[in-house]
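**Q** Top line first, the protein sequences correspond to chains A, B, C, D, E and F. So the first sequence is numbered by the working numbering: it starts at 1 and just counts up by one. So the second sequence is numbered by the working numbering: it starts at 1 and just counts up by one. So the third sequence is numbered by the working numbering: it starts at 1 and just counts up by one. So the fourth sequence is numbered by the working numbering: it starts at 1 and just counts up by one. So the fifth sequence is numbered by the working numbering: it starts at 1 and just counts up by one. So the sixth sequence is numbered by the working numbering: it starts at 1 and just counts up by one.
Keep in mind that a hint or two might mislead.
Unchecked claim - Partial chain C-side listing against chain E, Cβ under 10 Å, derived:
1) R24
2) D26
3) K28
4) P30
5) P31
Said to hold, decoys possible - Far from chain E, some chain D residues (derived; all Cβ distances over 12 Å):
6) R21
7) S44
8) R68
9) L69
10) D70
11) Q71
12) A74
13) D75
14) K78
15) L79
16) K81
17) R82
No wet-lab data here; the hints were simulated from the structure. From the three backbone atoms N, C-alpha and C, an ideal C-beta is built for every residue, glycine too.
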Amino acid sequence: MDVSSLLIPAVLFFALGFIAQVIRSDLKFPPDLAKALSIYLLIGIGLKGGIELSHADLGHALNAVAAALVLGFGLPIAAYAILVAGRLDKLNASAIAAHYGSVSAGTFLTAIAYLQAQQITFESYPVIMLALMESPAIIVGLLLARFSRNGARGEDDARENHMGELLRDAFTNGSVMLLFGAMAIGLLVKPASLATITPFYEVLFMGVLSLFLLEMGMEAGKRIGEFGRAGAFLIAFGVAMPLIGAAAGIAIGHAWLGFGEGGVLLVAVLGASASYIAVPPAMRLAIPEANPSFYLTLSLGVTFPFNVLVGIPFYHYVIKNLLA
Amino acid sequence: MDVSSLLIPAVLFFALGFIAQVIRSDLKFPPDLAKALSIYLLIGIGLKGGIELSHADLGHALNAVAAALVLGFGLPIAAYAILVAGRLDKLNASAIAAHYGSVSAGTFLTAIAYLQAQQITFESYPVIMLALMESPAIIVGLLLARFSRNGARGEDDARENHMGELLRDAFTNGSVMLLFGAMAIGLLVKPASLATITPFYEVLFMGVLSLFLLEMGMEAGKRIGEFGRAGAFLIAFGVAMPLIGAAAGIAIGHAWLGFGEGGVLLVAVLGASASYIAVPPAMRLAIPEANPSFYLTLSLGVTFPFNVLVGIPFYHYVIKNLLA
Amino acid sequence: MDVSSLLIPAVLFFALGFIAQVIRSDLKFPPDLAKALSIYLLIGIGLKGGIELSHADLGHALNAVAAALVLGFGLPIAAYAILVAGRLDKLNASAIAAHYGSVSAGTFLTAIAYLQAQQITFESYPVIMLALMESPAIIVGLLLARFSRNGARGEDDARENHMGELLRDAFTNGSVMLLFGAMAIGLLVKPASLATITPFYEVLFMGVLSLFLLEMGMEAGKRIGEFGRAGAFLIAFGVAMPLIGAAAGIAIGHAWLGFGEGGVLLVAVLGASASYIAVPPAMRLAIPEANPSFYLTLSLGVTFPFNVLVGIPFYHYVIKNLLA
Amino acid sequence: MIPTHPMKLINIVANVALEERLSEIAEAHLTSGYTVLDARGAGSAGLQTGALEGGSNILFMLIVPADRLDQVLADVEKLMKRGHHLAVFITDTQVLRREKFSA
Amino acid sequence: MIPTHPMKLINIVANVALEERLSEIAEAHLTSGYTVLDARGAGSAGLQTGALEGGSNILFMLIVPADRLDQVLADVEKLMKRGHHLAVFITDTQVLRREKFSA
Amino acid sequence: MIPTHPMKLINIVANVALEERLSEIAEAHLTSGYTVLDARGAGSAGLQTGALEGGSNILFMLIVPADRLDQVLADVEKLMKRGHHLAVFITDTQVLRREKFSA
Ligand SMILES: Nc1ncnc2c1ncn2[C@@H]1O[C@H](COP(=O)(O)O)[C@@H](O)[C@H]1O
Ligand SMILES: Nc1ncnc2c1ncn2[C@@H]1O[C@H](COP(=O)(O)O)[C@@H](O)[C@H]1O
Ligand SMILES: Nc1ncnc2c1ncn2[C@@H]1O[C@H](COP(=O)(O)O)[C@@H](O)[C@H]1O
Ligand code: NA
Ligand code: NA
Ligand code: NA
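All chains, full assembly: derive it from the sequences and hints.
**A** So this is what it looks like as C-alpha cells:
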C-alpha cells in the first residue's frame, strides 16, 4: 500500500475539507453549491455511461447489469441481517441497509481519479452498473420496512402504504432520473452533436469533482459530532460493511465479470460505498420512522471518509495481490 | 419534418426536465442555479453579439436593427389585439402582449443548437436582434397598460404613473443590462484580450445551455397545473401566437433581410418565442394589476415547450419548402 | 496613462456592475453565486501559488515571504496610526487597519489581467505573497483591538478575550484555509495528476473572474449609499491609504525584491488593496464593537473601485517612469 | 386606521422531501396559498446542514382562519404519526385583507 | 430577568421585484432596519418556484414600535391598491433593547 | 381538537459569522434543536446584501419553554454586550407535541 497514491486532487481536496471542519475553521460553502455540483456530476456520469453503452458488447453489458442487480439486492439484505443481529430496530436497519446497497458517486469517481493517476486502465461497465444500483437498494429498503412494520400501521390512506406508489418513488428518484436520463441522452445523440456539450461535462469533470469533494469533506467532518448518538455498534458497522461490500465486489468483478485490476477495483467500490445523495431523501419519505441522523452519520461521516482515505488503496492492494 | 433532428442535447435535456416533472419525480434544482445559469447565458449571448457586430456590415446591421424594432413593437400590438378580441381584460392583455414581443433566449439558443447539429449555417445578425427586442416589448406593454388604465388611478405619486420612470425601467431591466453590457464589451475589447475569457463563455456555452434547459423543462412542467386557471382561450393563444410570430419572422427574415435557411429560422424564433426571464419582473412592477400566473403559464408552460418540441422543426420545414 | 489599457474584460465587467447599480437597474445576482465564485477563485490562486512554489528558487521565495510579512504587519499599523490621528475610535481603527494589511484577490487578479492584456511579464512570487498576507493583517487587527480595549472588558469567559483562540481564528479563517490548502495541493500533487483538474481551475479562471467582478461591481455600487454614514474623513482615507500601500509595495517590489515592471505592479497592488472577503468575517468575531458598515464601505465601496478603475493604471504609470 | 384581521400562522420545519406533501395539505384545505423558505438546523433527526437533500430543511408557512386550524393540523399530525420529523408551531397573527386568506 | 419590549413585526410576502420598493418604505419610516429572506410558494398570483425572477418571492420582515405600525401599513396598502400581490401579516413580538428599534 | 402548548420562539438576526456561537448557545441549554435561515437586510451595521460573508445575515430561530427563556436570553445578551450586532425578538407560539421541545 503506497501512500503516495493518495496524493491526488480528489483525495486531497476531500482531506482539506475534512481537516477544515475538524480544526473548526469558519470555512463555509453555500448550501446550494453542493446540490448544483452533484447535479452536474450525476449528469456527467450518466452521459459517460450512455456513451460507453453505445459501443458496449451486449453480452458483457447484460452480465454487468446482472451483477449490478445481484449487488444492489444482495448487499442491503446482508446489511440488514447484520444490523438486526446487532439489535438495531428493524426500521432503522431497513433504512441503513438501503444506503449500503446503493453507491456513493463521490467515492466511485475518486476511485476513477485514483486509477487514472496511476495510469491503470479500467473497464467501462462499472459506470453503467452504478446507475443501475440506486433503484434496487431503495426497493429492498422499502420491502424490508414494510415487512418490519408488519401491518402495525392501520391508516391505509397513507401513501407510504401503497406499494405501487413506493416503487414509483424508487424509479422517479431525482438522482435516478438524472443518471438514466443522461445515459439515454448519451446513447441517443450522435457523437458530433454530443461534442457540443463535451467541454462542459467531460473536460471540467475532475475539477468539479475536486470542489464537490472539498465540500463533502466538510460535510463528513461535521458528522463526527454525531458519532456519540449513533453509538459504537453502528460506527463499527460503518467500517465493517464497506469491507464486506468490497469483498463481494471483488469476488463478482474478478470471478464473474473477469475484469482487470482497474475494473475490479471499481466494482469493489460499488460494493463498498454507501449512498448519501440519492437514498437519504428516498428514505425520508419511505421510512420516516427511521432516524436520518443514523444513516447520514454512517454513510457520510464514517463509510465515505473510510473508503476515500483507507478503503480504495487497501482494496487495490488486495486486488493486486489476488491477481498476482 | 424529420423527428431525428430533435435528438440534440438541448431538446433532450429540456424533455428530460419536463418528463421528470410530469411523472412527479422528486428531482429538485436549487432555485438560484437557474438564475446563475441565465446570467451566464445572457452574458454569453451579449458577448457573441458584440463580437459579431464588430465585424458586421453596417448597412446589414442597421437593417437588422430596424427589423428587430418592427418585430418588437409590432408583435405585442398584434398579441394585444387578439387577446382583447378574446375578451381578456386590457391589463392582462397588455402584460401578456409584452412577453410575446420579447424573446426567449432558451428557445433561440435551442434553435442555434438545432442548426449546428444539422450543419446549417446561419447569419449572425439575429443575435444582435435578440438583444434589441427586450426593451421595445416592455415599452409597448407599458403604453398599452397606461392606455387601458386611462387615468383610472388617481394617485399621481405612484412610480408606475411616471412615464419617464417606466421607460427608464425598460432600459435598465437586468437582462437588458447584461445583454447590452456584454455586447459593448464584446465590441470594445481587443480579440486577444477577449480570448482570456473565451473558454468560459464560449467553450462551455452549449453545456451550460443543456443544464439550463433541463431546469426550464422542469419549470415548464410545473406550470401544467396552472392550465385550468388560465383557461382554454389563453392556452390556445399560447400555441397560436408563436405561429403568428414565426410567420412574421419568416416574412421579415426572408423577404426583407434576405437571410438564408438558418438565418430565417432564427428570425422566426425571435418572433415565435416569448420571454420568461426579462419581461416577467418588468411586468410585476409596471402592470401589477395583471396576474403573473397568466403570463408565466403562457410563456413558460405553453409557448416554450411548444416551440422547443414542435415549433422549431415545423418552422424549419416551412422555411425549407418556401426556399425550395 | 493610457486609458485604453482599461478596456479589458475584468475592468469592464466591474464597471458594468457598478454602473448597473448606480443607474438603479434591477439586475440581481443570487447571493450565493458570489460566494461560490470566490471559493473557486481562492482555490485557483492557491493552486497557482503552489505550482509556482514547486519550481521557485528558495532564496527568492524566502525573500518574498519576508516582504509579505513586512507589508502584512506594517501596513495595518500605518493605517491604524492614520485613523487614530484622524480621531476615529480605536476599535474601529483596528478593524479597518486589518482590512488594509490584507489583500483584495479581485483587485490582484484584475492587475494580472491588465498585465496579460499588455503582454507584460511578471514574477510569480506575488501570488505566494498574497496567500501569506491574510493572517498577519488579522493578527495585527486583533492585537490593536486588544490593546485598545485595555482590559476594559471584564468577562474573561469570552472567547474574544483568549488570545490563543483568536490566533487560531486567524489561521483557520476560511479564505486562509482555501489559499493554503490549495497551495499545498498544488505543491504536493504530481503535474500529470494536477492536469486532470487544470481545465477547471486555469482555463476558466479569467472568465470566472469577469463574472465575479461584475457582481463585485454591483456590491461596490450598493455601498455608495453608505458614504454619508462613513463620513468624509474615512472616505478620504479609502483613497489615500491605497496610495500609501502602493508606494510601500513599489518600494519593496523594486528596491528589495528587484522585480521587473510587472512584478512591482503586483506588489504595489498587494499593498494598495484591502480585503473584503477574508477579513470582514474575522473582524465580525474578533472586534464586534467595530461597525462593519465602516470597513465594508471603505474596502468594497471606495478602495476597490479606486484601485480597479484608477489605481492600477496609475501605479503602472509611476512604475514605468521609475524604471525608465 | 388600517384594519387587520386575526388569523393563525402555522409554521412547519421539515425535511425538504416533505415539501410536496405539505403543499398538498395546503391545497386540500383550499388555503389561499403557502410560503416555503429553505432552512438548516439540528434536532432529533440530527444535523441538517442544507448541503445535501437528505439533510436540508424547509420552513413551511401557512396562514389559515382560526376556524380551519384544527382541520389542517389534523393532517399535519398524520404525517407526524407516520414518523416524520416535524417541528410545528402556531402563532397568532393579524392579516391585511381578510378576504385574501379566507376565500 | 432580561427586559423585553413589545413591538410589532410586519411580515410581507411579495415578488422579489418589490424588494427595493419595500426597503424604501422601511427607510422612509426611519425604521432601524429590515430583514429579507428568499422564499417560494403559491397564491393568487400562481406558483412561485423561485427559479426565475418573475416567479420568486421574498419574505420581508420589519419590526416597528406599535405607534408607527399604521403609518407603515398605509404605505404597504398603497402598493396593494396599485394591484401588487402581497400577503401581509403582523405579529406581536417582544424585542431586546428597545432603543435599537425605536431610534 | 389537536392539543397545542405555549412556548417562546426566540428570533435572532445576526451576521453569518455568529452562526456557530448561536448554535452553541442552543446546545448549551439543551434545546431540542434550532433552525437557521439565510437572510439579508440593513441595520445599524450597514447594508447586508448577502453576497459576501462579511455582509450576510442569518435568522436564527429557537423554540424554548417559557421557563427557560431567561437563561437563553442571558447568553444572547452576553454576545450583545461584547458589541455584536444582533436584532432579537421573541414571539409567543403554540407547539404540537410539547415533549419534543422540552426534553
Ligand atoms: N427547539 C427548536 N427550535 C427551533 N427549531 C427546532 C427546534 N427543535 C427542532 N427544530 C427544527 O426542526 C427540525 C426537525 O426537528 P427534529 O424532528 O427534532 O429533527 C430541526 O432540524 C430543526 O431545524
Ligand atoms: N395562506 C397563505 N399562507 C402563507 N403564505 C401565503 C398564503 N397566501 C399567499 N401566501 C404567500 O403570498 C404570496 C403572494 O400571494 P398572492 O398575492 O395570493 O399570490 C404567495 O406566493 C405565497 O407565498
Ligand atoms: N427594524 C428592523 N426590522 C427587521 N429587521 C431588522 C430591524 N433592525 C435591524 N434588523 C435586522 O437585524 C440586522 C442587524 O441589525 P443591526 O445590529 O442594527 O445592524 C440587520 O442587518 C437587519 O437584518
Ligand atoms: Na454499496
Ligand atoms: Na417574440
Ligand atoms: Na493591502
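**Q** Does each hint fit the structure? Answer for all of them.
**A** Okay, the hints, checked on the actual structure:
1. Taking 10 Å as the C-beta contact cut-off toward chain E, the hint placing C/R24 at the interface holds, the least distance being around 8 Å.
2. Interface hint at C/D26: satisfied, since its Cβ lies 7 Å from the closest Cβ of chain E, which is below the 10 Å cut-off.
3. With a cut of 10 Å, the hint placing C/K28 at the interface with chain E holds, because the nearest CB-to-CB distance is about 7 Å.
4. Hint status for C/P30: holds, given a least beta-carbon distance of 9 Å to chain E, under 10 Å.
5. The interface hint given for C/P31 is met, as the beta carbon of that residue sits about 8 Å from the closest beta carbon of chain E, less than 10 Å.
6. Residue placement check: D/R21 keeps its beta carbon more than 12 Å from all beta carbons of chain E (closest about 15 Å).
7. With a closest Cβ-Cβ approach of about 25 Å to chain E, D/S44 is found to remain outside the 12 Å limit, as its non-interface label requires.
8. The beta carbon of D/R68 sits about 15 Å from the closest Cβ of chain E, which is more than 12 Å, so the claim that it is off the interface holds.
9. Here D/L69 stays apart from chain E, with its beta-carbon at least about 15 Å from theirs, past the 12 Å limit.
10. The beta carbon of D/D70 is kept farther than 12 Å from every beta carbon of chain E, the shortest such distance being approximately 20 Å.
11. Even its closest Cβ contact with chain E, about 19 Å, leaves D/Q71 beyond 12 Å, as expected for a residue assigned away from the interface.
12. With a closest Cβ-Cβ approach of about 21 Å to chain E, D/A74 is found to remain outside the 12 Å limit, as its non-interface label requires.
13. Every Cβ of chain E is farther than 12 Å from the Cβ of D/D75; the closest lies at roughly 17 Å, confirming the non-interface assignment.
14. The Cβ of D/K78 sits about 21 Å from the closest Cβ of chain E, beyond the 12 Å cut-off, so the non-interface label holds.
15. No Cβ of chain E comes within 12 Å of the Cβ of D/L79; the nearest lies about 19 Å off, and the non-interface call holds.
16. With 12 Å as the threshold on Cβ separation, the claim that D/K81 sits away from chain E holds: the shortest Cβ distance comes to roughly 26 Å.
17. For D/R82, the condition that its CB be more than 12 Å from all CB atoms of chain E holds, with the nearest at approximately 24 Å.
Checked against the numbered hints above, the structure violates none of them.
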